[in-house]
Structure formats: structure tokens, C-alpha cells
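K.L.:
The sequence shown maps to residues 1 to 135 in our numbering.
In short, the hints are calculated from the structure, not lab data. Just so you know, these numbers come straight off a predicted model, no measurement behind them. Treat the hints with caution; some may be incorrect.
Said to hold, decoys possible - Now the in silico label distances, taken between C-beta atoms and shown as ranges: (1) N114 x P56: 29 to 35 angstroms; (2) V58 x L120: 36 to 42 angstroms; (3) R2 x E40: 18 to 24 angstroms.
Idealized CB from N, CA, C, for every residue including glycine.
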Amino acid sequence: MRWKRRAAWGQRPLAAEEWAVLHAEVFADDLIAVDDAVEELTGFMDPFRADIEEGPLVGVTDGQLSVAKGEFHDPRGRRGLKLSFYAAGVAGGAGADAFERLNSAASALLDHLNAEGITLESIRWTEADHIPRPF
């Protein structure tokens, strides 16, 4: 269930004014426990709302990593939790790059769920195209 991290993705290298995007579609018998675990991990972050091309984006951020979440139903009608991770940081720059941040966030999520004894039915990771940073 771990995300198989790649060094980078996208149609072009990540620019300083862009976010790298990683989505996770999580299915579990107890989605409330999963949601609570995400809240525990992101509780120190500041809330944000930004308008992006797809519409309003609402989540939490620490300035370098942002997380948005929402419920959805898959084509088979199963209810799931969709997490979207957005990270900044150009490869080769000072500090961690965006893809390292995404890897760290994905690993921290799974480690925390395991530590809490939360069993997942499945998780599907999707690497999305970069988007312009809204802030």
C-alpha cells in the first residue's frame, strides 16, 4: 500500500511557482478513524482556501506542504476518503524538494495508521500534473 516514490513526475520539471500533486484514495471499514488520523497528523497546520482552475481548494498547510480531503464514491459505490497532497520545493534547491515532501507525507500517513491499528481495505496513489501555486 505504500506509494512507490519516483524522483519526479509531470510533463516538465517542477517550477518554483508550482505544486507537485499526489492523490490518495483510501478505502477502510472505519473511514472516521482514518479521517481522525489525518486530523491528528495535520492538526498543527493552518487552514487555507484558494481558488484554482478546478474550483475552490480548501485544506490545511504549513507553507511547504498542503493537504485537502473529502469523501467520494467509487464506480462500485464504495465510500472512500480522497486525500490530496500538494508540495512545493524545486529539486536541487535548498532543503527538501516537493517530491521528498510528498514521500515523507505518504509514509507518515501509513505509519500513523499502522501505529493506531487502523486497517485499510485499499489505498490508490495517483501522481497528478503540477498546478500553479495559489499562495
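K.L.:
State for each hint whether it applies.
P.N.:
Structure-based check of all given hints:
1. N114 x P56: 29 to 35 angstroms: Taking Cβ atoms as reference, N114 and P56 lie about 33 angstroms apart, which means the hint holds.
2. V58 x L120: 36 to 42 angstroms: Given about 24 angstroms between the Cβ atoms, the range is violated.
3. R2 x E40: 18 to 24 angstroms: holds (20 angstroms)
Consistency note: the structure conflicts with earlier hint 2 alone.
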